[in-house]
Every structure is written in structure tokens, then in C-alpha cells.
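Protein chains in written order, with this note's numbering: chain E, 263 to 566; chain F, 263 to 566; chain W, 263 to 566; chain C, 263 to 566.
Any given hint could be a false lead.
Identical copies go unnamed one by one, so any copy, or any two together, can satisfy a pair.
[Stated by the list, open to error] Derived pair list, reagent style DSS-like, types lysine-lysine, alpha-carbon separation capped at 30 Å:
(1) K437 <-> K503
(2) K355 <-> K495
(3) K352 <-> K405
(4) K437 <-> K548
(5) K355 <-> K264
(6) K437 <-> K495
(7) K495 <-> K264
(8) K405 <-> K437
(9) K503 <-> K548
(10) K420 <-> K503
(11) K352 <-> K420
(12) K405 <-> K548
(13) K495 <-> K405
(14) K420 <-> K405
(15) K421 <-> K355
(16) K355 <-> K503
No lab work stands behind these hints, which were simulated from the structure alone.
Number of protein chains: 4
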Amino acid sequence: MKPNFRGIIPPMITPLTGRDSLDIDGLERLVNRMIDGGVAGIFALGTTGEAPSLSYRLRHDLVEHTCRFVDGRVPVLVGITDTSLIESAKLAKAVANFGVDAVVTSAPFYFPAGQPELREYLEELLPELPLPIMLYNMPALTKTSFHREVVTWAMNQKKIIGLKDSSGDLVYFKKMLRLAASQRPDWSFLVGPEELLAEAVFAGGHGGVNGGANLHPRLYVDLFEAASAGDLKRSRELSAKVLALSDAIYSVGQHGSAIIKGLKCSLSLLGICDDFMAAPFHRFHKSERNIIREHLTEIQLLPV
Amino acid sequence: MKPNFRGIIPPMITPLTGRDSLDIDGLERLVNRMIDGGVAGIFALGTTGEAPSLSYRLRHDLVEHTCRFVDGRVPVLVGITDTSLIESAKLAKAVANFGVDAVVTSAPFYFPAGQPELREYLEELLPELPLPIMLYNMPALTKTSFHREVVTWAMNQKKIIGLKDSSGDLVYFKKMLRLAASQRPDWSFLVGPEELLAEAVFAGGHGGVNGGANLHPRLYVDLFEAASAGDLKRSRELSAKVLALSDAIYSVGQHGSAIIKGLKCSLSLLGICDDFMAAPFHRFHKSERNIIREHLTEIQLLPV
Amino acid sequence: MKPNFRGIIPPMITPLTGRDSLDIDGLERLVNRMIDGGVAGIFALGTTGEAPSLSYRLRHDLVEHTCRFVDGRVPVLVGITDTSLIESAKLAKAVANFGVDAVVTSAPFYFPAGQPELREYLEELLPELPLPIMLYNMPALTKTSFHREVVTWAMNQKKIIGLKDSSGDLVYFKKMLRLAASQRPDWSFLVGPEELLAEAVFAGGHGGVNGGANLHPRLYVDLFEAASAGDLKRSRELSAKVLALSDAIYSVGQHGSAIIKGLKCSLSLLGICDDFMAAPFHRFHKSERNIIREHLTEIQLLPV
Amino acid sequence: MKPNFRGIIPPMITPLTGRDSLDIDGLERLVNRMIDGGVAGIFALGTTGEAPSLSYRLRHDLVEHTCRFVDGRVPVLVGITDTSLIESAKLAKAVANFGVDAVVTSAPFYFPAGQPELREYLEELLPELPLPIMLYNMPALTKTSFHREVVTWAMNQKKIIGLKDSSGDLVYFKKMLRLAASQRPDWSFLVGPEELLAEAVFAGGHGGVNGGANLHPRLYVDLFEAASAGDLKRSRELSAKVLALSDAIYSVGQHGSAIIKGLKCSLSLLGICDDFMAAPFHRFHKSERNIIREHLTEIQLLPV
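Starting from the given sequences, assemble the full structure and let the hints guide the process.
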């Protein structure tokens, strides 16, 4: 029995042309670029996709177009994280019709839920879902983590099929992997921070949901494959490139939004899609855009 | 020129009979109880109202019925806090038709916005709003605070008419009051934590948005009036009762939800409305309910 | 039965001329200035006194000279907070010989102690102390707070005689006051943040341990007296001056050290004492010093 | 040019028989056990050694006896972290006489230092030190981290010879490694959390300062060697044992002290040394001790 998903599943940025309008051509180019780069799936409406900042109408739209462009070439996963269980369930039902393969939820994130509340939340959500679901651990933004007791419970739920961990805490990731070992060989354990991709795979993880794979999918796919093959030397070389990209692209802005801004700005400079950002964020100004352009040249994603 | 709102404006709990259904009779009793108790307004869809946990449909419903029951006797304020600016604006427009007097927003709360981002967010939101708006400072749940620079800017926006501060940080409250002093005598400064009501009024504040006023409106109104009149002795006596209520009712549960659970349970024991809670929370179990019953007797809200 | 201490007890800055040398003349001027200003005691070796940054030798020295200069005119309290119980006890014994009236301790602050551990810590420390002791609640720097259960226990210990609360959380302060009400009329409840002095006194507190009283003791003493007398109008006027001083002097630097740097720089500009700071901090540079000078003129502590 | 230290350097627990007395025989057994287990050095007076809780007298004593028992077989490193630069320097000078090889310091930890202050602190400390020094990144307990700018500066200081990182943030560890790559091939990068040992070595790190190596030095040495040799399969097997030990021994207590308590209790059950703990902590009660005994049997450190 194999894990449901293995490899790189980029948390897709949401290409926008305006506050509530999708950059549809950009989306098509982006989807094709990632699939051509060898990704194992696409994760729409995650944190990198600015999901909570988008209108529900646009979220539906995005998923519909994404599924159309992907056209079955790889699985599509969709984030349904919400503060309202009812809205989560509604979105899950809606996107199921577009051919989505699985949904993904983190904890409801306004009120910080205790662990028993978190379990009950999932217990209530599961019967509403027409699709399998992955848990998404994102404590920095949801104020809570899926603790051992909740994950142990989740492993007894057939509909729950894996864990995406964006905590940056590799000890947590390894401990959760260890819990699953004998019980759920079908669970996928995917790591969020791309700078930990190699190590997560060495530890037994199944891949990454790495923002940088929007921009340079092949690099992350290559690193995943090297790490899976146990090629330490090549993993270290490719990891150095991942760190270089991370330093170059994610450190230009000041606030928490620097990663998404850096990715969107880069994709815009590469001619893939617009870099409009949903409120409360705004695209980079010209000066920051110029720095990103220089950095893209340095890491050879733009010609000199 | 006087502040727009003065007095006690309870952050109304949302009476529910089930996951997505309103306790309409309970709502009517609750509204009447609060108005009979002398409140100066009603604030629907705040944190105590579990707003982020409710479906949008139910949020509309609640506001419509609330306005109907209030029937112009006091102003109605409605929380439109959301992670999506578009959904905030949409809700504001919808509720304006029901006769709401003002809307209230805290910071978008998934991504923690930096201060310049927060200002730009408000700048973009304001033109969309058909109603005046109050800012709602709630850093524990939104991960960010309205800093001096943003509040200073806000004081130059005619549509922004006040600040509700739930930070629990009375130094912040006093500093913001001081900023407004000469500039915006029409701004209302309302304090969230009821245990700080007297002190906030002594410092020049205009009232409180206090959860306990769902349960015992007269106590908070009396305290507000004593503090406004500069009656220190009576303020201290009534403050002691507020602290006693707070100790009795809010400390039964373990998690962050203990306050709302305690209020709903108490209102249910008093026969006002159902104590169903929206996910991720659940009403108290029988044992906790019994403790709340005893405590209500001790503080004389239930007969012996 | 009256509280042991009532009024303003400044947390004295430690005047230094170099890394490990006291500004003895400056200390004398400072002590006299505060006593002339009407303070009810002096608290040496607190946070504002940079105690943890000083050598033990210098701590002894400081207390010896302070007691000599005070010469019984007001009580002297001394901070013995340490990560090592043995060093705390040693310091307490040493300073008892100089005529100190009480010692003060916050929680041991490297390892964050749980509440039972905190109680046991105090239980072990008390028999070692030749002097009565006040608790000092400073969660921002010690990572832990004295919770209700520990304070309740402390109220049964004759040797513990009060609580200084620097949490900035006035709800906590009021709840602790309420605990003590019937049990320990001799306990002193003193508030740390000077911007909360009036409100703490209105709520039943007995005074303040306010950094600004190093610089302008009379202002804080006047405010304490106005608040004690229930004079709301005058309290509000004087509170405005306290906020103005706070804005003027504490907001020049960027880091957590801005308050101490601002105080020392001001005292140096007033000719009271040197502004040398113990590592890891450094005195203000010329540009910041010039801003402080302007601000001191604005708040009329320096002539135009 | 090779890194100064490579391999496992246990952060030695401090065996005590009472509040201020060393378990000297236990210390000798412990030192021998670790050296027999193949460790590459011994780190005394770290967090696991409860250093901040000990009297200075006992700290001196411990280092003197440790150096005597080690007798040159492996290097000895000594923690001099303190809130007072003068006490840090004093301890460094004292222990240099006992034959210590290097000292180790984290940030001064009462006041949270800003980055420029941290650099200036080190600048002032370095000339006082008779020995080379390693930086020790421990943000959870010191409230601050050594950021890129400070580490870059540190790489230009000959006397600074490495970084021990206990942040648990492997991305940070990798970024710091990358900074050093070309510049300081002599720097040692050691990881604190033992659950990250293999991954830290795969990423280019030089070893671990792992608490568990007090108890089972051979396991950590074997894992270090497997990871250094690039043996992924064996690393995974041994990592599983490390995780099992961590789950068995560190999760019995509730508070932050659970790791040290678990280690000391285990060593006591194995007959190595006393499990007395310095305030504010206490050794495990009988019930917890029995659980530890069972767990030690399960992981085969005690016979059935």
C-alpha cells in the first residue's frame, strides 16, 4: 500500500488582475509550467494562494478553471480552511463537482481551538465532505497545532488521508510520521517549508508543498527525486540552490507577506502571470521589483 | 460635539438552536432584556457573537431579526470583520438595508498585516461602506494591533467614528484617547474587557462593549453611570460585582471559549435562549452546567 | 491594619560611571531628589535598576551606599530576583546588614517555572530570608506570572507582604486585590506601569513603583495623592502629564531598553547622574540625546 | 582545515546530592560513561546542566571536578551564559585555569537584546575571554536569536569558533551553515535537539549537543557516525531509537523541566548518579519514577 500522494505539490499562487478578478491566461500558463516541471499535483487555495483573502465567488472560479487547465494530468487538492464549518463544507461540496481529488483543511483560525475541540470539529466536518481530506498543520497562522492525540484519532478516520505540515518543526513531522508508520501506510506526509524538503524525505516523508515550486518546479522535483533516491551529495547541491532561491526571493519585503509577494513578482517578471495581490497585501513597488529582477538573474531564472 | 455612542453596548451572543439555525424567540427575549436593562446600543456579530464561526446566510438572518426586534429603540452596530475585504464589504452593504447604524471591523486576521498594510486595507475598505465604521482592536485574535500611526490616520477619515479596544491594555486605550482629544470629539472609545469598564470611563472613555451585559445589563449600565458621574465609591462596589460575575461565570471552562460558553449557559439557565454553540465549540456538559447554576445563585441571578 | 507601603516607591536606576563602577555622587543626588519629591520608599535593584546586568559586587555596593544616603528617611526595598535560589538568598542576607526594610523577588527567569514549581520555589526561599518579601509579577521578562493559586498560598505566608505588578494587566491587578481584601489588609499592592497609577489606586491599590519617579518624583506623588483623595479631575490632568512624559522620554529608542535609556539620558541632562548603561545596553548617541533634550524642554523639566 | 569539534558533545547534567552540593562520585561515573560511549567532548553548565540555577561556587566546583575526571581524554566546553557580562567574564577566567578548552555563551537573557546590542555585547565580552568561544542559540529561553547579521560579524572574529543551535529550526541551522561555508571551515555547527541530529549532519552540520547522550551516549555516537557516513538506512533505524527514547523519557512531566527531570531520573535508576534537582525544579515523585523505570525497560536500558 502506497501513500496517496508522493512528490512536489505546489501550493499554487492565485493569479489576479484585480481585487476580485482572476488572471485566467496567467493561470493557464502557471498550471502548464508546473505540470511540465514534473509536479505530482496542484494545491489550490492554500496560504500561498491567499485563499482567506479571496471572495468565495473567486475561490469557486479559481478551482473550476484550475481543474479545466489541469485536465486530469495530475491530482488537484483544494484548501477549504475557514473559520466557519458550514462555509468549509459548502466549498468542499462545490469544488467536488469540478473534479477535485481531495480537500485540505487547517484548524479554524479565529478562535484558537483546544485539542478536544479540534477533534470534535473534524468529527463534525468529515460527514459533510464528498472527498478525502488532508490535515494542514499551520500553527503560526491558526494559533493551534494538531497534537499527537488528534492525529492519532485522525489515523482511524478513513476519509483523512494525510498531513501537510507547515510548522517548520521537523521534530513534530518526524513524530507524526512515526505514529503513522504501522497504521496508515496510505497517509501522505508532506512538508511545507521548502528549505526542509530533503530532510523531510530522508526522514520518511513523501514530498513537499513548496511555494518555490510555483516559480521553479523542476528544481524542487529534482531535489525530491535525489532525496528519495538517497543521493545525499546531489541533495546537498540542490538544497543549496533552494536556499539560494529562498534568500533571493523571499527576503525582499519586510512583513509576513514577503514570500507570496516575492513569488508573484518573480512570476510576473518571467511573464507567467500578473502580480496583483489581494488585500491586505499589495504587489511590490518598482524598487523592490528591481531587486527581485537582479536576484532572478543571479539564480539564473532570468537571462543576464 | 459629543461622541456618537456613550454607554453600554453589549457584544450580543448569537442564540442558536442548531448548527445553522437561529433561536429566533431567544433572540427576541435577549434583545428586549438588554434594552430593558438600559443598554445604549447592541453590537451584533462580534467575537462574543461567534461571528467568524457562523455561515454568511445566518449572519444576514441574525442582523435582520435583530434590527426587527430592536425596532429603532437603540442603535445597532454590526461586525464585518473578515479575512476577505470583498466579503466584509458585501456584508456591510447587505446589513445596511436592515437599518443598521454602523459597522465594526478589526484587522483581517489570517495573515498578520503590518501597519502600512493595515492602513491601506482600511483605505480600500472605506469607499465600499454605506455606513460609518468603528475600529475594533483585538490583537489576541487578529495577531495585530492598530498602532498609533494607523489610528492617527483614521482620525482624519470622516467615516471612521471610534475605536473599540479589546486588548486589555489600558495604557494603549489611554494613549489612543489622548491622540483623539483635540481632533475628534465625536469619536467613541469603548472598552472590551468588562473588568476595566470603570477605569476606562475614569480615563475619559465613553463606555463598554462588555460580554456580561448580555446576562446582567443593568449591572454594567449602573457601573457605567456611576463611573461617568465620578462616584468612586459606588464604582468600586459595582466593580466588585462585575469581578464576582466574571470569576463565577467565565472560569468554568478550560479553553479560550470559556467566556462565551459561560454566557450562553447562563442565559439558557435563565430561560432566555438556547446555549447551542457553533463549531469549533460545544455547549457545556451537565457537570459544568451545574457549576454555572450554583454560581448564578451565588451572584443572585438565579433564586436559591 | 494598614498596608506596609503606600505611595510612590521609585524603581531606582543604577547610576554608573563605567562597566563595574558606581556613580556615587550621582546616586546621592538621585536619592535626595526622590526623597525631596515625596516618595514613600526606594526600590533598588529592580528591572529599571538593570539589576541582572550588574556584578554581585556592585549590587552589594549599590545597596550599601543607597542605605547610607537614605539614612532611614524612607524604607529601602531591594530586588533579589535571580535564576539561582542560593544567590538570591545570599544577596538577601548581605543586604539585610545595610538596613534594608524588605526584599522583592520575581520568578526565577531562565527556566519558565510552572505554578506548582513557583510555589515550591518560594517555600524554599522564605526560610532563608532575614527580611519580609514582596512578590514582583513581571511576566514579560520572567516568562511566567504568579497565578491566583500561588498568590492565595502567599497570602498565608506571614513573611510575604505584598505584590508589585508590572504585567500591565489591570484585570489581573484587580483580581489579586480582590483575593487579598479580607485576608491580608497589611499587603501592599503596587503597580509598575506609571500610565496605570491613577486607575490602580482607584481600584484599591496602594501606590506605584514607577520608573518616571526617578526623573520627576513630585508628579507621581501628586498623582498618587489626587487619586487617593478621589479627585478625578486632578487625577486626569496629572495622568495626562504622566502620559506626556512617557511619550516624550520612553519612545526615543527602538528596543526594549528605551525606557531605561530615556530615564538615564534625562537624568544626565538634568545634571543628576551619569547615563552609562550596563551591557547589553549602551547610552543614547548624540542625536537621540538631543531629541530627549528637546522633549525635556517641552515637558518643562529643562528650561527653554 | 577542519571544524574544531565534530561528533557528540553531551550537555552534561549536573549531578547533585542537595541544594548546593555536588554528587562527586556520580559525576565521575557519568563522565566515564560518556567518554566510554565515544563522545567527542563534554559541555558542562548548559541548559541541561541547570547552570543558571546553580550557585557560582558550585559552578566552579563542577568544572574543576569535571576537568579532573575527564583528564584530557576529550575537550571540555563550559557555558558562561549570564545576565551580567562581568559575571560571564569572571567565570570564563576562573574555569580557564582548570584546563577547559572553550566556553559557550548564549544571549544575556533577562532583557531581550536587539541585534545591534547583541553584537556590541559580544564585542565587549571577547577581549575578556582567555579561551575560544562558541555561540549558543537558544531563543526559547533567551528571548532572542543570533540573526544573520550578528553571525556574519561573528565569523570575522577569530576567537569565535562555532555555533550551537538549540532553536529547533533547521532552516535557521542550514542558513547559518551556508553563511559559514567559504569563510570559516573551522567553525563547528552543532545541533541541540537530538531528534534533528541525523538531518543536521546530512545538511553539513558537525554534530550534536544532545541531552540524551548523558543517558545513552553510544546511540547518539552511532547515529552521528551513520549520518556522517551517509548511511541513510542505518540513520533512519537509529533515528527511530532516538525518537523512542525521547518519547519514553522526556514526556513524563508536564512542564518545561520534563527533559532534565527525565534524564536525571533515568540516570538515578541506572545507578549512575543522584537525581536531586536545583530549584525551581524537583525530582520526579515515585509514580513518575515508576513510569520512567518501565520506559527504560521498554527501550532496553534497564533489564526486564
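Hints and how they fare:
no.: 1; hint: K437 <-> K503; in the structure: both (28 Å within a copy, 12 Å between copies)
no.: 2; hint: K355 <-> K495; in the structure: neither (45 Å within a copy, 43 Å between copies)
no.: 3; hint: K352 <-> K405; in the structure: both (24 Å within a copy, 27 Å between copies)
no.: 4; hint: K437 <-> K548; in the structure: between (44 Å within a copy, 28 Å between copies)
no.: 5; hint: K355 <-> K264; in the structure: within (27 Å within a copy, 50 Å between copies)
no.: 6; hint: K437 <-> K495; in the structure: both (26 Å within a copy, 18 Å between copies)
no.: 7; hint: K495 <-> K264; in the structure: both (27 Å within a copy, 19 Å between copies)
no.: 8; hint: K405 <-> K437; in the structure: both (20 Å within a copy, 26 Å between copies)
no.: 9; hint: K503 <-> K548; in the structure: within (26 Å within a copy, 44 Å between copies)
no.: 10; hint: K420 <-> K503; in the structure: between (38 Å within a copy, 29 Å between copies)
no.: 11; hint: K352 <-> K420; in the structure: within (21 Å within a copy, 38 Å between copies)
no.: 12; hint: K405 <-> K548; in the structure: between (34 Å within a copy, 29 Å between copies)
no.: 13; hint: K495 <-> K405; in the structure: neither (37 Å within a copy, 36 Å between copies)
no.: 14; hint: K420 <-> K405; in the structure: within (26 Å within a copy, 35 Å between copies)
no.: 15; hint: K421 <-> K355; in the structure: within (15 Å within a copy, 39 Å between copies)
no.: 16; hint: K355 <-> K503; in the structure: neither (40 Å within a copy, 43 Å between copies)
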